[in-house]
Every structure is written in C-alpha cells, then in structure tokens.
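Participant: What follows is each chain in one-letter form.
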Amino acid sequence: MSNASELFPQRRLTRLPGGYMGKILRVDLTTGSMKDENLPEEPVLRKFLGGQALATYILLNELSLKATPYGPENKVVMMTGPITGTGFTPGGTKVTAVYLSPLTDHTLGRGASSGFWPVYLKATGYDGIIIEGAASKPTYLSINDGRAELRDAGRVWGKGARETEDLLRQEVGIKDAKVMCIGPAGEHLVHGAMLCNDYNHNAAHSGGAVFGSKKLKAIVVYGTARPRLHDREKLIDAGLRWRKTLQVYSVEDRKDVGYARQLGALPNLNFRSTLIADHNRGFDQNRITQRPCFQCARLCPWDVEIGEGPFLGKIGHFNGGAEWMDTFWNLGVKGNATLYLAERINDLGIECSHFAFGAGVMFEAWEKGLLGPEDTDGLRLEWGNVEVVDRLLEMAARREGKWGNLLAEGPVEVAEAIGGDAPKWAVHTKKGTPAMHDWRPHFGQMLRELVASGGMKPQGGGTADPPPDLRYREKWGPLDRDDPTGWPWSNVLAEQYRQFCGLTGGCWFAQMHLKPDGLKSIVDSFNATTGWDFDLDEALVAGHRSMILQSIFGTQRGWIAEHDWQNVGPRFLEPVPDGKYKGFTIAKWLPDMVYEYYRLSGRHEKSGRPFVDTLTQLGLEEFREWGQLD
Amino acid sequence: MSEKYGSLIPTGRLLDGKPRTILFDAAKCIGCRQCVQACKDWNDHPRTTVYELSSTNWITMEPPVLEGLSPLWARNSCMHCEFPMCAAVCPVEAITKYEEGPVVINPEVCIGCEYCIYACPWGVITKNNIIDKASKCTMCSDRISEDKSPFCVQACPVNALDFGLQEEMTAKAKQRENEVGGHLYGDREAGGTQVLHVLKEKNEKYGIRPVGPQQYPKHKIPVGLMLKDLFTLRCGLQGKIRALYLAVIHPKRLIYRYWPWRNAA
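Each protein sequence line maps, in turn, to chains A and B.
Going by the working numbering, the first sequence wraps up at 630, each residue one higher than the last.
Going by the working numbering, the second sequence wraps up at 895, each residue one higher than the last.
So that you can see chain B by itself, here it is in the shape it has in the complex (with noise of 0.2 Å):
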C-alpha cells in the first residue's frame, strides 16, 4: 500500500488487504433501482429523491426517469479511484483509500471545506448543507470488513452488480465485455477504479463522463475558495489548526491540493 501510495493519502485496511471491485453489467441492467434503494436502506437515509446525488441519496441510475423506462441505464455513484484525488486534496485527511477498494470520508473529520467536491472527476461527491460534511458512496465498507458485499450488489434482482476480488470481476468484466461486444469502463479512467462498468453502448449514450487515464487527475477547485480557506476562518478554527498541523508532518500532500498540474507519483 505505502508503495503505490508514498505518503500521498491516508491509506487503511478493513479486512485482508486484497483489493475488491465492484462490477455493474449495464447490459444486463433493468433500471429498477433496487440498488439506489437498497442504499438508502442500508444506510438509513431518508428517502429522499433517487433522481439526483445528494447526501441521503449516494447512488443514482440515469436517466431520471420512471424505473424500466429507458433502454440503456449507467450507474452514476463514487468509482472508488485507485487514485482518489479527492484524498487527496482533503485538507484534514478525513478521506481514507482502504487497501480492499473503498473510499471513504469520516464525517468526523471532514470540515466541509467542498475540496473533494471540485476535485472528484465524476462529480459525485455531494454536502449535507445541515451537518455541513461531504458526503458519498462508502462501497458498504463496513460490510466489507465483516467479509460482505456492498447492499448495493446483493439486492440487484437481475445479477447485473456483482462484488469480489479486483482479478475475478477484472477477468469476468472482460469476459462479459466479449459476450456483449461493449468495452469496460472504470479500469484506466483516473488511473483505474474499483468499480468496473461493462457498457454495450458508446459512453455517451449512458451520459457518461469522459476521464482521462491521468492518476490523480487535476482538480478544479476555484483559486477564490482556496485562497478564502487560508485567509478567513472558513470551514473552522479547529479545522484550520489540524490542516495547518497536517500540512506540516505530510507536507508531500500539499501537492495535489495546491500544484494540480504536477504530477508527484
């Protein structure tokens, strides 16, 4: 892990260090949204619209429309980058890149400062402007450190979402890639992700982001903001104190954050 990584985020482990991914088959996906709903139910979320990402709502399935009324359906929710800028830009560290694949944000730690919102390359990563942290997809970490799927994966009624080992569901993607005819998705974007799509269509028709293959890929954090964050006393003073001691014992992990076209790794 410290290899891949250097000291650039803050890395962990959950269960046995293997890495694990998450495969959504758009080809055999019915739109029906059970994913969405089992996300909220895991997480007890309110249910609050599933046609838009949003603190309560980490996964969404375009278009937003009724559920089965469209012929092509793209799942839209955190990719879990094997490089997460948004780690890395994380001002207090609170996001954490576990060794098994999740991405997760300790909303204890987070500030709300919105770095990893500008910085996410798929924009999905949303606030809860009550509690006023980030917030996104957790791949069920806490499932998976109890040796589970994520509840997305387990409620899917057709099999199109399957969860395991990064080699099994890498080689199953490319087999189902052949049987299909379609190309995969999420294995180079951003340096490569822990959630492969399988998709038939060309990504603009699943209204899919096009990312680049650039590990941590620049960030789009507007220069006001930044220059807001050191020069008031937005987003806290305790806040401020623990990025302030951070940037000083992990200098390294300034780098993203304030040289997005420099690539360190």
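Just chain A, with the same shape it has in the complex (with noise of 0.2 Å):
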C-alpha cells in the first residue's frame, strides 16, 4: 500500500481532469488542524474515479486495522465525483461518505447522498472531506470558499435536523448555505443513525454515529467555485440524453403506498404480512410539493402538507424512497400518522429500518406475551400505537432507558434481550438491517440485500432483462422465479453499473438501466467532463474495482463470505407469509445464490476474497496479501 504522502502528492505532475476540483480538505478533530491535499495523481484517480472507491482506496490506505468504530482512530471519508456539480446532467448531486461500520465493527460503512449538500461542498473547491480524530466538545465544520474553520457546536447540540439546519445557517449568516448534519440520534451513537442534509436527504447506514463519535454535529458549506468541463458542449448534449431516459416521479405517486407497489409487498407487522391494503387512507388530501435535487428532473425527493385528521398541517420532508413509510407500517400504523412519524425518524437522525425492525420484534413479543407492561414501564406495545411509537423514536435517539438503548443498539440486541424466540423474528443482515422495503418476494433484491460485496449495504440489485445498454452481449433473460441461474450474474453486473454511476459522483436513482441509453448516456457525460475515453466495459471495470475494495476492507478485519447467508435474521428468509409471491424463499438457493456470486465477481465462494487474477486485471496487485491464491 501507498503511504498518504505518495498518494496525495506535494504537486501535481500529472493533468488534473476535468470535473475535479483537486483538493482534499483534511481535518484532524482531535488537534483542530486542517489541511488540504491535492488529489491524486491522474492513473490514480482514472482507476477509483470519485465516490465510494477513492474514498475506500484512500481509507484502506490510512485507517489502521486497530481502529474501533466510534474511537478517535476511525475516519470518515466523504468523496463527491467528477460529475457531481456540473450542472449539465440530472443525478450529479452524490457524495458518499466511508468508514469502519459501527454496525458490524469489521465491515466498510457507506452512506450516500444527493441533494444540494454534495455540489456546494464542491463549490468550495474541495472534491472531499476526510475527518480524523474526535473533539472534545460537540463542534461544526463551516467551509466557506476554501476557508474552512471548527465552530462550537454547543448550541445546536441535542436539536433534530432541521432545526440544526435553520440555526447553522444563520449563524454563519448565509441563507443558502448547505448543512449536512446529525441530529440526536448521531449524538448518542445510535448505530443506525443517519447524516441528513438539506431536510430531504440522508445517508443512512451508521455515519450519523461515526460524526457522533468524533463530536462532529454539522459540516456547513457555501462556495462559488465550479469545476473545469473538458468538453462542455457534448456534455450538454450527453446530459439530455441522460434526462431523456428520466422516469420522473408526479404528484400522484406521491399519494400511494410508494415501493412497495411495485415490489408487489408491503411489509406489515413485523414482516408477518405483504399485503396492500388501505394504508394510504387520507393521502389524497395531503398537499404534495416536489422539491428535486440540483438540476435533477427526476423529482425524487418531496415534502407533504398533512391535509386531514389529527397530524393536519404538518409538514414532513422525504426523498424518493418510501422507507419511511414501510418503517412504520411494519409497525402496524396507517395513514398520515405514518408521515407524522416518517417526519420524526428522519429529523431525529435513525435509518428507518434500523427502528423499524428492532420495535417490531418488541411488538410482536408483546402480541406473543414475551413482554408485558411490566417490562416496558407501562408502555403498551399494541400494533399501529402511534404515540407509542412516537415516544419509542425518541427514546431510541437518546439512548433513553433499556428499550431505548437496545433500540438504538439494534434489533439483535433487541431480540436477544426479549429471549425466547424473540431472536427468529429479528430481521437483519450481519446484524445491520436491510433496506426497509419487503424483498423477500425477489430474487435479485434479496441477494444484493445479502451480499452488498461484504458491505452493509448494497448498491443495485439483479434484474429479469439485461439493461437495453448491454444487450449486445447479455442474454440472460427473462430469468425465471423458480431457477435461480443468471441471477448472480445479473447481480454482479448491476451492481458494477450501479457502483461506476455513484464513482463519477452521479445518482443511481437517476441510472435508468432499463432504458435504451440509461447506462451509455453517462459514461458519456462522464467522458465529456473529465477527458477520459471510457467505454461501457472500462465503467463497468471501475464498478468492480470499487465491489472489490469494499471487500478488502472487512476482508481485512474478519468478514467472511460465508457471514452473508450466515448471519442474517430468519425472519429475512421466511417463504413469503401471503400475497401473490406466498411461499416464495430465496433461502432454498442458499448458500449456492451466494456462492455463485462471488466465483463470478472474481472472488472465493466462502472467503469472500479477490483471486490473485482478479486483483491482477484490476490494477489492485498492491493488495494481494489480502488475496485468494487459489
């Protein structure tokens, strides 16, 4: 491995390309120092590109294998991409932040966001953030074009996100400025927590805890820089096609039950139901704003005006996805309680699923008798309880007696405290919880929830037809729901596009791979703005490169691929309990699904690790002590 002084060099002897803005803004908590580093040189940057991979490049290359999640040694990386900012194409609004998962102690943490947050910190003039060490007392980071200073945070310490929000920006006395911040969840290191950004947008997945560590409540940007285009004329033209291939989000979907329509599955109480019923009751009389991110068409993210019974009047900041939602109908709630109480969990700073299935398995315990009023200081765990609920958000986000705190530790800690069965209806994956939507029902959904390449999380996710972009080479489809052939392959190949779109700093909720021109359109937007000559199977190298980094890293502190189908909630794996996929279980697959997934990532079956041949044709030799010789 490169040491930082060789990886970030005094100066530059190669081009910078275009999209970049060529800094790295170091700030070490601990002393309260600050640097900038220059990027990497260009083969460099050429190989990891932005994102995920250079984050995770540059962590694999600095964090110590001692480090410990929430000690002052573990770092987080935040890394926007070349195109992120440009303003020439929809989805280049992504940064993605990296660090040693607090949820598994041994695995990389990612969490990804859009919105405004990711262009502004490049309108500093810096492409990413690394932060080290921790404060003493709760402080914020305020960038303001290149001059980047800590702040005490004391005041906004202890306030939920938006009110974080409000108040940094005026006390740096700019009203647009842009605010990524924890809310009190992050501060009492609630695993699951989240980092939230400009109200509709988060990255989930344990960062929120990482920044609580180190005491880092916000990091504030403002700026005017922008960054050099090598072609800005057929990045114009590569961008509308991109916009071209948009599914774009109306109003009315807005007033359904979101994913879990199309995935054919709403999760209900506890995962022990699928079933579609009324639980969008008085969504029609809500008044629905759509607020995109930068220059994006898709028109993901939106805020609602609740417009009937007792949550009237307010107001509730979403993006696309409709985990929020499935949270708290898990929870056996209805109707617009269920935006009141999506409102809460995200201005309180806890991933939805985190909550979401560590109180379900506490209310089926108390529908199967395993706990009682006794055990929860009066509080009545009854299916649908919205101010139980409500009162369980806050107690989990401050850590507040035992139910909070096993809430906040997650829903193993949960299940293992309730005893009995309790642990069969936990649903998690290597004790961190899958995105909340019910998968269960899909072949390609499930294995990426499983596997994510030895992340928490993944990215993309097998589909039926190959995407109209790579046609003339795949021709797996349409696979079919009771042979599980072609579908690891169709997940190694989604999740390849799907890591490459978020490497060039774009959103992959804006990848329309089942678009003709979904995947081309931008890796020639991608091209058009940095001067590199791409093609799709170059991109799709990138993609893997970055699957494989994300392996290394828990490969280096103890991940195993057999943890994948090992360590996962039975619930997860349960037949379908009812709807039109009952008795459907990816679980008579495994581990074959899995094993099949890693042969064909270039990885060993069981260990998880990259073949000596993979590292070899991936430009990743120097990691080869952490390779499969055989």
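It should be emphasised that the hints constitute simulated quantities derived from the structure, not laboratory data.
Check the hints yourself; a few may be wrong.
[To be verified] Taking lysine-lysine pairs in the DSS-like style, the calculated list, with each CA pair at most 27 Å apart, reads: (1) B:K858 / A:K314; (2) B:K870 / B:K658; (3) A:K234 / A:K515; (4) B:K858 / B:K870; (5) A:K255 / B:K830; (6) A:K137 / A:K35; (7) B:K658 / B:K778; (8) B:K848 / B:K658; (9) B:K870 / B:K882; (10) A:K244 / B:K802; (11) B:K835 / A:K175; (12) B:K858 / B:K882; (13) A:K175 / A:K137; (14) B:K648 / B:K804; (15) B:K882 / B:K850; (16) B:K658 / A:K314; (17) B:K757 / A:K175; (18) B:K778 / A:K520; (19) A:K137 / A:K215; (20) B:K763 / B:K858; (21) A:K244 / A:K515; (22) A:K234 / B:K778; (23) B:K830 / A:K314; (24) A:K244 / B:K658; (25) A:K215 / A:K520; (26) B:K658 / A:K175; (27) A:K66 / A:K137; (28) A:K588 / A:K475; (29) A:K255 / B:K850; (30) A:K255 / A:K334; (31) B:K870 / B:K848; (32) B:K778 / A:K244.
Join these two chains into a complex; the hints should help.
Facilitator: Right, dumping it as structure tokens:
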C-alpha cells in the first residue's frame, strides 16, 4: 500500500482531469488542524474515479487495522465525483462517505446522499473531506469558499436535523448555505444513525454515529467555485440524453404506498404479512411539493403538508424511496400518522430499518406475551399505537432507558434481550438492517441485500432483463422465479454499473438502467466532463474495482463471505407469508446463489477474498496479501 | 422594427426577426431553482448566492427561502420589455433590443454609468463592480440565434417555463390564465414585455412590482449622477467621447434620458 504522502502529491505531476476541484480537505478534530491535500495523480483517479472507490482506497491506505468504529482513530472519508455539480446532467449530486461501520465493527460503512450539499462542497473548492480524530466538545465544520474552520456546536447539540440546519445557516450568516448534520441519534451513537442534509436527504448506514463519536455535529458548506469541464458542449448533449431516460415521479405517486406497490409486498406487523390495504388512507388530501435535487428532473424528493386528521398541517420532508412509510406500516401504523412519524425519524436521524426491525420484534413480543407492561415501564406495544411509536423513537434517538438503549443498538440486541424465540423474528443482515422494504419476493433484490460485496448496504440488484445498453453481449433473460440460474451474474453486473454511477458522482436513482441509453449517456457525460475515453466495459471494470475494495476492507477485519448468508435474521429468509408471491423464498437456493455471486465477481465463494488474478486484472496488485491464491 | 422603435433605441436581428416570448407559469412552478442554476451554468457564472440578483445571478425565484419551501414562487429577472427603457437611457448604445425579443447589454461597450440600473422598472439590472459593467439576463440571445430555447427554459423539470413565438405563447398564456383562474403579468406592463407570467394570485402575493402600462416608463436616474457625468470624467474619456458622438448622430435618443416625463413615441 502506498502511504498518504504518495497518494496525495505535494505537486501534481499529471494533469487534473475535468470535473475535479483538485483538493481534499483533511480535518483533524483532535488537534483542530486542517490541511489541503492535492487529489491523487491522474492514473489513480482513472482507476478509482471518486465517490465510494476513491474514498475507500484512501481509507484502506490510512485506517489502522486496530481502529474501532467509535475510537478517534476511525476516519470518515467523504468524496464527490467528477460529475457532481457540473449542472449539466441529472443526478450529478452525489457524495459518498465511508468509514469502519459501527453496525458490524468489521465491514465498510457507507452512506451516500444527494440534494445540494455535495454540489456546494465542490463549490467550496474541495472534492472531498477526510475527517479524523475526535473533538473534545460539540463542534461543526464550516467551509466557505475554501476557508475552513471548526466552530462550537454547543447551541445546536441535541437539536433535530431540521432545526440544526436552520440555526447553522443563521449562525454562519449565509441564508443559502448547505448543511449536513446529525440529529440526536448520531450524538447518542445510535448504531443506525444517519447524516442528514438539505431537509429531504439522508446518508444512512451509521455515518451519523461515527460523526457523533467525533462530536462533529455538522458540516456547513458554501462556495462559488465550479469544476473545469473537458468538453462542455458534449457534456450538455450527453446530459440531455441522460435526462431523456429519466422516469419522472409525479405528485400522484406520492399519494400511493410507494415502492411497496412495485415490489408487490408491503411490510406489515414485523414482516408477517405483505398485503397492501388502506395504508395510504387520507393521503389524497395532502398537499405535495416536489423538491428535486440540484438540476435533476427525476423529481424524487418531496414534501408533504398533511391535509386531514390529527396531524393536519404537519410538514414532512422525504426523498424518493418509501422506506420511512414502510417503517411504520411494519409497526401497524396506517394513514397520515405514518408520514408524521416518518418526518420524526428523519429529523431525529435514525435509519428507518434500524428502528423498524428493532421495534418490530418488541411489538411482536408484546403480541405473543413475551413482553408486558411491567417490562416496558407501562408502554403498551400494541400494533399501530402512534403515541407509543413516537415515544420509542425519542427513546431510541437519545438512548433513554433500557429499551431506548436496545433500540439504539439494533434488532439483534433487542431480540436477545427479550429472549425466547424473539431472535428468530429479527430481520437483519450481518447485524445491520436491510433497506426498509419487503424484498423477500424477489431474487435480485434479496441477493443484493445479502451480499453487498461484504459491505452492509448494497447498490443495484439483479434484474430479469439485461439493461438495453448491455444487450449486445448479455442474454440471460427473462430470469425465472423458480430457477436461480442467471440471477447471481445479473447481480454482479448490476452492482458494477450502479457502483460506476456512484463513483462518477452520479446518483443511481437517476440511473435508468432499464431504458435504452440509460448507461451509455452516463458514461458519455463522464467522458465529456473528465476528458477520459471510457467505454461501457471500462466503466463496469471501475465498478467492479469498487466492489473488490469494499470486500477487501471487510477481509482485512475478519469478514468472510459465509457471513453473508449465515449471519442473517431468520425472518428475512422466511417464505413470503401471503399475497401473490406466497411461499417464495430465496433460502432454498442458499448458499449456492451467494457462492456463485462471489465466484462470478472474481472472489472466493467462502472467504470472499478476491483471487490474485482478479486483483491483477483490476490493477489492485498492492492488495495481493489480502487476495486468495487458489 | 424601425417603424416600432423609430431611432429611439438600438435594434438588431438574431435569427428570423420573429418575436418570441418566455412564458412563466407560476401555477406550475415548484420553486426548485433549476432555472436559476441553469442560467449560471450556461453563462459559466460562479455559484454565488441564488437569493439575490447580481452580475453572476441573473434570475431569482422569490421569496429567498430554501427550494420548495414556499407555496408561491415568483420569477424575478429581465422582462425583455418591448420598449426597453434601459436601452433608451444608455448613453453609449450598449443595450440592443433584438427583434426576436432579447434586450442585451454588450459588456464591451458598457461604460458602467448605471443609468440602465436606475431606469429598469423592475430593478433587475445589476452592476459587476469588478469590471464596472452593467449585467442582466440576455434571454440566451446566443442560443436564440441558433434557434434554441433559453437554457433556463429547457432546464425546468415541471414545464413551468416555456418558450416560443410570441403569438403562440400569448395564446398559451391566455389558455392557462383561464384554466387556473388567474391573470397575466407582463403583457401590458411597460407597454408589453416578452416574458409573460401566468399568476394564480394577486401580484402582491408574489411580491411583484406594479408597473404601469406606459411605454418607456419614467426613469429614476438621480439628477446628481447625470450632472456628475456631464461635468466630470466619471466613466472615462473614451465613454464620454462615444456618448457625445452618439448624441450628435442620434439626438432623438437623448429624449428619454433627459426628459423622462416626455412621451416621444
């Protein structure tokens, strides 16, 4: 491995490709010192591009194998990509943060977010930030056009994400400054705490807890810089092509049940039913405002003003997915109470599935008599009890009492504390939680949730048909529900192109892989921005490299591929209980599907280590010691 | 063109001479500010604040709150007046009214006298204090000359902005006016403009300025400033010579500058 000074040259010897600002800010919270690092040389950038891969590569170079998630030695590396913030493409909005995950203690933690903050981080003149050490008191980082300073966050410590954003904008005196912050959940090291930005956006998967451990409440960014573009005219053309592929959300979409409709399964009563009923009652009376990300016409983010019932007039800020709704439907809540609670969980900064599956086990235990009022300080854990759910959210976010503390730890800890059969009811993967939907009826998504290249959270997920842009060489479909053949390869490929999109600084919600030109237009946008000449194959290789880096990080710290299917909450692998997919389970194809997935992606099926050949092909020979020889 | 304007202002042609209009439908606008950022992107402006008009921010979407956090949104930018007072008061003829609609400041010619800034009934012209030039939206005259829409229009994700031939946009605006039960703004103001707003609520709710129907509305250039220009070297000798020369060859163009209350049309 190269050392830091080699990775970040004192003086660049190679040209800085278009799209990059050229600098990374290194912040040591322990000493309060800050330093500008030059971006790595061009060949390194061409390998890792940006986003997760470049950030993980930096982390692999710098993070001690003895580091613990909440120790000051853990680092958070946040990286944008070259197409972040050019303004000429949809989805050029991404920042990805990586760190040692507190959810597992040994795998890569990754959180990614969109909105405006990533764009304005680049406008400050930086492509990314390396955060190390830990502050002695609540602190926030303010970066204004290249001038970075650490400031006292005492005034906002304890506040929710929305209020923190507003107060910090006031404090820095810039009305349109962009804020990424943690809520109380991050401060109290709730393992599933999120980073929250621009009201509607969250980077989930425990980055908030690592920020909290460093007493870093927020990063406020404001700047005026924009990256140099290699070929602006070509970028505009490619960006318009990309835009034409977008599937656009409508206001009406926000009055339905969200992604559950597409999946054909909605989580009810801790994953014990998938049926969609009147869950969205009252939604038709809500006022919806679409709040798109920077220059993206996909229109994922939205606000609600609740138009009826006890929560009349309450406002909520959400992004495209419907995880926050599924969270509370899983606890028996229906109607607009769901949206009220969804706003609460996002403001507190808890990843929704972390709470949903922990609380789900508690409610099920109450139903089955394992918990009673004497165990819960009188809280009656009855399905759909909005007040109790609201109270539990607050308790979890601040680790109040026994149950608040356990919910902060996660569903496995909750289930173990309840005892009896409860551990069988916990939905989890490697002790973290899958994205909050009921994925069980679907091969591609289930495999994705299980493997995620040894990380906690996946990108992509196999599809029944190859993306049109890859049909010239892929002919697997349509894949069959009763036959797992093809799904692992489909998943490998999907992970590659999803990863690539993220590395460019693009948002994979805006990557319409099932539309013609859905992949090529992104590659062309990337080329026009940077001046490189990637074809789709090189793009996939870059994505593959990112997957391998993610699993090397886990390998170094004790993860093996066997964990992917062995360390899973039993409920997650139970057959679908009802509905049109009743009886389906991926479990009967395990571990073969996981084995095949790792083999096809050039890794050993049991250890998950990349074969030395794979490392050589991907130009990752420096990690040879973590490779598999045969 | 010459019939309409006499020789009161400099005029020109970009493409085919057919007047065009930007249509802003406030009833559709979601306040995402993609038009504002698109303007910056097309013109390669730095990402300065999007809450205030400046030489690097030619559109604001009012009120100045976070994207989406207001029930009503107003577009604040150059209206591309049919009878642009900014052009009428410019002593060096740096501002041209093009037949297709755009009112464009030529920064090469501008001497930074600020008359246009005081003359604009909407207050949408700002000054770049570094290069000492006036600055505002060009309606993407460079794109119109290639028969393309202004960049803000093509960026709008909800079709709240539209662009096309004036008669088509006017018909569309009237149709939308009826559909939303609102009214038009910009069709009569200052004698008519080439940016039409469809508003659902009263002007005041959008914080929009009331501007009368008079062509070339009376300007508010401070007398002191004009005297200073006549008797000092403000704006440079070269500018003065050009202004003097133009006063001699186009004496009619002095009317709106020095007798703003007089209707010369």
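Participant: Which of the listed hints are broken here?
Facilitator: Failing hints, ascending: 1, 2, 8, 25 and 29.
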